[in-house]
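Just so you know, the protein sequences line up as chains A and B, in that order.
Per our numbering, the very first residue in the first sequence carries number 42; after that it's consecutive.
Per our numbering, the very first residue in the second sequence carries number 42; after that it's consecutive.
To be clear, the hints were calculated from the coordinates, so they are not data collected in a lab.
Any copy will do: because identical chains look the same in the list, a pair fits if it lies in one copy or spans two.
Heads up, simulated DSS-like pairs for lysine-lysine below, C-alpha to C-alpha not over 25 Å straight-line: (1) 160 x 313; (2) 146 x 179; (3) 160 x 179; (4) 313 x 146; (5) 303 x 179; (6) 313 x 284; (7) 269 x 284.
What you are looking at is a predicted structure, and each value in this text was computed from that prediction instead of being measured.
Protein chains: 2
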Amino acid sequence: MSVQNEMHIFSSASEMRNWSRQQKQKGKRIALVPTMGYLHEGHLSLVEAAKELADIVVSSIYVNPTQFAAHEDFGQYPRQPEVDRAKLKAMGCSAVFEPTSLYVKVQGAESEDVNVVGKESMHPESHETFVQVERLQKPLCGGSRPHFFRGVATVVTKLFHIVEPDVAVFGRKDYQQWRIIERMVRDLDFGVEVVGMPICREQDGLAMSSRNARLTAEARQHAPAIYKALRWAMQAVESGAEKNPGTIQDQVRGMIEQAGGKMDYAELVDAKSLQPILDASLQTTLLAVAALFPSKDSQGTVRLIDNIVINEEILL
Amino acid sequence: MSVQNEMHIFSSASEMRNWSRQQKQKGKRIALVPTMGYLHEGHLSLVEAAKELADIVVSSIYVNPTQFAAHEDFGQYPRQPEVDRAKLKAMGCSAVFEPTSLYVKVQGAESEDVNVVGKESMHPESHETFVQVERLQKPLCGGSRPHFFRGVATVVTKLFHIVEPDVAVFGRKDYQQWRIIERMVRDLDFGVEVVGMPICREQDGLAMSSRNARLTAEARQHAPAIYKALRWAMQAVESGAEKNPGTIQDQVRGMIEQAGGKMDYAELVDAKSLQPILDASLQTTLLAVAALFPSKDSQGTVRLIDNIVINEEILL
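Same shape as in the complex, but just chain A (with noise of 0.2 Å):
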């Protein structure tokens, strides 16, 4: 454990969770914001959300693998420790949690890749424990990812574990996340209160995300028809013009390919249960996107991805 100026940074899962049940027996309060680092303003109102909820705020940093499957970004993700520190101890949190590993040490492997989806080791010590929701895991980024949302739940119930938060923060921005997240502590009964927070965007209105600083110069200017795909979409069913599913999701294709995107998926599914809808009218809807565009390193693209709810208050 380090100290820098009153901000505890931890890489030993044991230490803190000792801090936490320290701070807990002094009557604190704790909120715990996930990330993977690379922070940007996004994250930055977690934090500052955190704030509101709970005494402390710790902040964990950590990119894991078994989100990740072999052909995807786990090598290429972003990172930037120092900058973040600085940036979590400008907002006030009291702990950074920072692992280096947060998997058991497998025999030989150097590197965390051993526990990327499809590289894993078959080791019989080696991990072998995953959480799964296992309807919600399915649609939207399930389809493409299907291990991703296995190894969210998997990361967030060992970060749940060793924090011990009170409450803890998502961003909606990973909507299906927030709603797997949700469904997970209600049931397996995690004594933590689960919050989401809206998505913060760029001023030309593209979701802020850790990936962006990776799409090539003309991409990053194009990306922003995303959203103008969303609102178009938004207002259409809200003024009464449009409510079929399939037509909305023709038009957000055909937006965001003329931008350059190379679609994943983009669907209307209901806002609570993501299953599909018949009417986008009838009730609180969520049109979720993702789409890939030109990345200017070695990898080729950037998938990024961005939501709208459409009609929140049936929900309410």
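Since chain A is already given, all that's left is putting chain B on it; use the hints.
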């Protein structure tokens, strides 16, 4: 909540957790003994062990539907809550957690049966989160009960989250279960210590089990053949007379079948990984068996399990 002369009885998860947290605020160390009730000397020995490990013992009584399949004995599993409570009180338990259901209520469902595997509700709001220990759940009992350990790992996770114990005590009659919980705790970073206690046996060697009460008088008389077969195998290996797993398994099966048991499995496996072995003399070996004996109730059979660890000192 009700209190029976100083033993608290909780049916609500939030009241259970609040009480546990109060005890911890007072600096008390809590041990959990999870059970499915119909308590026998084996369970009580776990409570006895738990008292040595902590300041306060909490026992849970809950027949968990998600670890039963539709054709199994969820409905027939013996229940005697009042006798159990009296036993736990006499043993010095401080609290009993006795929930009606640990799963989300499904609209229109009358009973817990709706959470038995194969009878699950497909309601979009029903329980859907499961913990799986992917390698260790497959062999032995995982063969004939493919969803069993998923249900066990899930309900133990829930109990850990509700009671928040410092230590939890399990019996090694359920050897595979103990290994699975131990691995789950390691992999998911639970702040809980897991302790496995030796099997308790009747005078004639039959492993104590709530299910023994369901045997016919004749089956009860013959069932100790299981332990005789296990002892024979241990002596055969440890004396150097036999080391071939196939030969030993055949002998053990024969002995149990001669006593009227119908074999599910008899297997020699590595005592840690539960993987098949080639030579029983080379590592600490688990001989685990499951066999069906005649039942006095209409269900027809009672499934008994038992095990013995051979060459225990090699592992140590």
